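Asks: Sequence:
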Amino acid sequence: GARTAHLASADDEAQQEGPGTGHAVTGLVLAGVAATAVTLLARRRRGAD
Numbered sequence: 002g003a004r005t006a007h008l009a010s011a012d013d014e015a016q017q018e019g020p021g022t023g024h025a026v027t028g029l030v031l032a033g034v035a036a037t038a039v040t041l042l043a044r045r046r047r048g049a050d
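In the numbering used here, the protein residues as written are 2 to 50.
Hints are computed from structural coordinates only; laboratory data are not their basis. Note that this is a predicted model, so its numbers are computed, not measured. Accuracy of the hints is not assured; some may be wrong.
What the hints assert, rightly or not - Here are the in silico distance ranges between beta carbons for each label pair: (1) Gly21 with Gly48: 39 to 45 Å; (2) Glu18 with Gly48: 43 to 49 Å; (3) Pro20 with Arg44: 39 to 45 Å.
Note that CB positions come from ideal geometry on N, CA and C, so glycine has one too.
Generate the whole structure from the sequences, applying the supplied hints.
Replies: This is the structure:
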C-alpha cells in the first residue's frame with residue numbers, strides 16, 4: 002500500500018546519502034587496529050631473526 006511505498010522511498014534516500022558518521026568511526030577504528038597488528042607482527046618478526 003501507500004505505507005510500503007513511503008518506506009521504500011525513505012530507504013532509497015538514506016542509501017543515496019552514503020555512509021554516516023558511525024560508519025566513518027568504525028572504519029577508522031578498524032584501520033587503527035589493523036595498523037597496530039601490523040606493527041606488532043613486524044616487531045615480533047624482527048626480534049625473532
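Asks: Any hints from earlier that this structure breaks? Give me their numbers in increasing order, please.
Replies: The structure breaks only hint 3.
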